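**Student:** The residues making up each chain are set out below.
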Amino acid sequence: MTTIGYPELRRLLDQGTQLVEVLPVEEYAEMHLPGAVNIPLKTLDAATTTDLDRGRPVVVYCWDGL
Amino acid sequence: MSPRAACRLDTLGFSQVYDYMPGKVDWLARNLPVEGTDAGAPLIGRHLRDEVVTAAPDEPIADVRACVAASPHSFALVTTADRVLLGRLRGTHLDHADANAVTAEVMEAGPSTLRPHEPVDAVRAHLVDKGHAYAIVTDPDGRLLGTVHADDLM
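Protein chains in written order, with my numbering: chain A, 556 to 621; chain B, 124 to 277.
If you are wondering where the hints come from, they were derived from the structure by calculation, not from laboratory data. If you're wondering where the values come from, they're calculated on a predicted model, not measured in any experiment. Ideal Cβ positions, reconstructed from N, Cα and C, are used throughout, including at glycine.
Here are the in silico distance ranges between beta carbons for each label pair:
| no. | chain 1 | residue 1 | chain 2 | residue 2 | range |
| --- | --- | --- | --- | --- | --- |
| 1 | A | GLU585 | B | THR203 | 30 to 40 Å |
| 2 | B | THR203 | A | GLY590 | 27 to 37 Å |
| 3 | A | LEU621 | B | PRO165 | 21 to 31 Å |
| 4 | A | VAL580 | B | ALA189 | 49 to 59 Å |
This is chain A alone, in the form it adopts within the complex:
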């Protein structure tokens, strides 16, 4: 796992990375990064990640990393 800032995120997005918001459903529904899917941390498991492509990078984010 690698921690990144905005410049690296921009580069990964330009390459078509998968973006996952791990905040609760309500917060995702209100506002999320374009193209992000929502898998709340409390539900993150093998079943909820089946739609993610393991051969491509995955970027996760929440509100501020805390």
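Chain B: place on chain A using the hints.
**Tutor:** For chain B alone, kept in the frame of chain A given last:
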């Protein structure tokens, strides 16, 4: 929260996992687009003006004075070549400074700034309360995004 999520993905066998730890607040503070039910929320980033005069730190005051005289505002902002905000030149600075001085010698260093995801209502109330006509808006790296003016938020 996101560090735990990234570790969880690691344990699930994902090999290319990145944690954008600065998170959604960093994205919003860069005035980048979002999706969702609140995507159209009234934030000051939608009211930014970019016509304020900017100057390099080594620019002569006389040159800046001329640009400001031709602009709709009475002040200028001093930035680096990649728009990191260094200071402000108020009208009084420009009026009284030696014309041969350079901006870095005269400017007010480190002026207060806001982020673009501040709510319009709160910023308008703050500006009115403090008697300020405008606020400077920068991103998390200190780069100038523009200015927001109380009259535009009414």
